[in-house]
Amino acid sequence: MRRRLSQVCPAVFVLVLLSPRYALAQWVTWYQFGTEGSYVHEIAHLLFAFSMLFFIHEIFHARLQRFRGFRLLVWTWAILTFWNLDAFIGHWADWTLHNPVILGQGWGRELLMYDFQTWLVYVTKIDHSLFLVPAFLLFYLGLRALVQKPGAE
Amino acid sequence: MIALPLAPLWILEYLSALTILILNLLSLRLSQRLVVRDPENALWLFLNWLAIVFFMFSITHLISHALHDLIVYWNHPNLALAQRIFGGFDTVIYVVIASITLFFHRIQRMYRRMEADHHHLEETSHEILALNREMEALVMERTMSEMALGMAHGIRNPLHVIGGFSHRLLRKTDEDDPSRAWATAIAEEARRIEQMVERFEMLAQRKTSFFAQEDLNVIVRSTLELLLPELKAKRISLVAEICSEPLVGRFNKHLLKVALSHLVRNAVEATRPGGTLLVRTAMEQKFAVLIIHDTGRGMPQDVVEKVFVPFYTTKIGGTGLGMVFVRQIVDEHRGIITLDSLVGQGTTVTIRLPHRFTDRPEVGEEFPPPPPPAAPAAPETPETSGTPEPPKDRD
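Going line by line, the protein sequences match chains U and E.
FYI, our numbering numbers position 104 of the first sequence as 104, with every residue one higher than the one before it.
Add 153 to a position in the second sequence, counting from 1, and you land on the number used in our numbering.
Incorrect hints may appear among the rest.
Stated by the list, open to error - Okay, derived cross-link-like pairs now, DMTMM-like style, lysine to aspartate or glutamate, Cα gap no bigger than 20 Å in a straight line:
| hint | chain 1 | residue 1 | chain 2 | residue 2 |
| --- | --- | --- | --- | --- |
| 1 | U | 149 | E | 485 |
| 2 | E | 406 | E | 485 |
| 3 | E | 439 | E | 378 |
| 4 | E | 410 | E | 378 |
| 5 | E | 459 | E | 493 |
| 6 | U | 149 | E | 191 |
Hints in this document: simulated from the structure, not taken from any laboratory.
Keep in mind it's a predicted model, so treat the numbers as computed, not measured.
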């Protein structure tokens, strides 16, 4: 199975790379807001957030929050929900930002904060450390608690 | 107007992305350990799937963001195609995460229902097992009791003959005849054996401890009281027509309660909310009669014919043994059970149990007092009495 996957995945990748341009038409300007790809991506974030909320509901419905492992997982889903909302706003701000003014060269580049949207882009780019790291740390700790003591309350 | 450096943002972003990658790799290993421990646990499977997708997400997210920054802030437009592909993967992964989670919600519901069914089936199996053991013990006790009474009866008949002849010999033998002592010894020993047989009979009768003098009306009332909340929960009105006369017989209270509960629960399941359940007890010539009638959906004739067939069931998760046990309980009481049903009109179950109205149960006394000590062997001669009458069996 793994061998087949290792054969198929690169083949698909190469196929996509070598496919005619019109097949990728919807991807050409996907990071610019207003294209099909951007809508799909934004909706995917909302769907992701919605499913996390649904899972929190599921945990409480099954009364699994009594266990430490699941309580940590609930926090994971909650933070991921916030991250998705943050990413939704961040993507919108990023993709609608016309001609960002970048000063300097190489690692010394600076972004000119000329309006609110630029600030929004800058702030929402910190979402990785703000949301994703604690979320996945809690996911790991939750799983570890479930592995070590599944019935620990 | 100020300009903020982008380097700290990138360093923070890529350090975070690497941390996420490591955390997800560790989480994936942990989730695999959970699955290995219990491969049939839906929750562990879900967490494992989620960990796999999160790991993929951490890779594609890192790559797509790096490519985006290279294009926008480092002027590498030639990377646009690769960035679009990885960005697309990101989108797909979000959808996959949502799909797994929402699918799990349905699976979890099914899993919970399966677990509940499993517990219910286990409980039912235990109940059936206990009931089966009780029935086996009951049948064994009854058989042993009947065998003992039969043996006592078999011994008593030749004993009457021996006793009769020995007494006749005694009367016909002179006082100084040396054989008189022998005849006396035979008569005395015959009497001793008869006393032993009587004691044996008494013990055998006491063996029927599974049956006691009970009033069917009391059994029905107490069972209905227990089941009333279930009827109320389904808004089914109960009409209990209890016979004014006590319906006393030698019944096993526990088994009859089990049988009645099963029949009432069946009726409740078959009846729609707002329906009526009638439970009536009555007296017939030789029987105490119990009738359970519901206004439920009824059963077609082919189902009615198979109701008492073991393992036949129309219920999902049913064992098909409930009605079989009900009939066995009635059989053990030497009773008769009949079932009439019409589709759309309801079902009527009638149970007839033999009763004795002469023996009223007394407080603190389950059995009637033992008879007085037996009289010595009958002195009638075989010529005058013919074949001695066997003693009447007592229940």
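Going down the list of hints, with the structure as the test:
For a cut-off of 20 Å, the pair hint linking residue 149 of chain U to residue 485 of chain E is broken: about 52 Å separates their Cα positions. In summary, the hint linking residue 406 of chain E to residue 485 of chain E is supported, as the alpha carbons are separated by about 12 Å, within the 20 Å threshold. Proposed proximity of residue 439 of chain E and residue 378 of chain E is contradicted: the alpha carbons are some 27 Å apart, above 20 Å. Between the alpha carbons of residue 410 of chain E and residue 378 of chain E the distance comes to roughly 11 Å, so the proposed pair stays at or under 20 Å and holds.
Proposed proximity of residue 459 of chain E and residue 493 of chain E is supported: the alpha carbons are some 12 Å apart, at most 20 Å. The straight-line distance between the Cα atoms of residue 149 of chain U and residue 191 of chain E is roughly 14 Å, inside the 20 Å bound, and the hint therefore holds.
Checked against the numbered hints given earlier, the structure breaks hints 1, 3 and satisfies all the rest.
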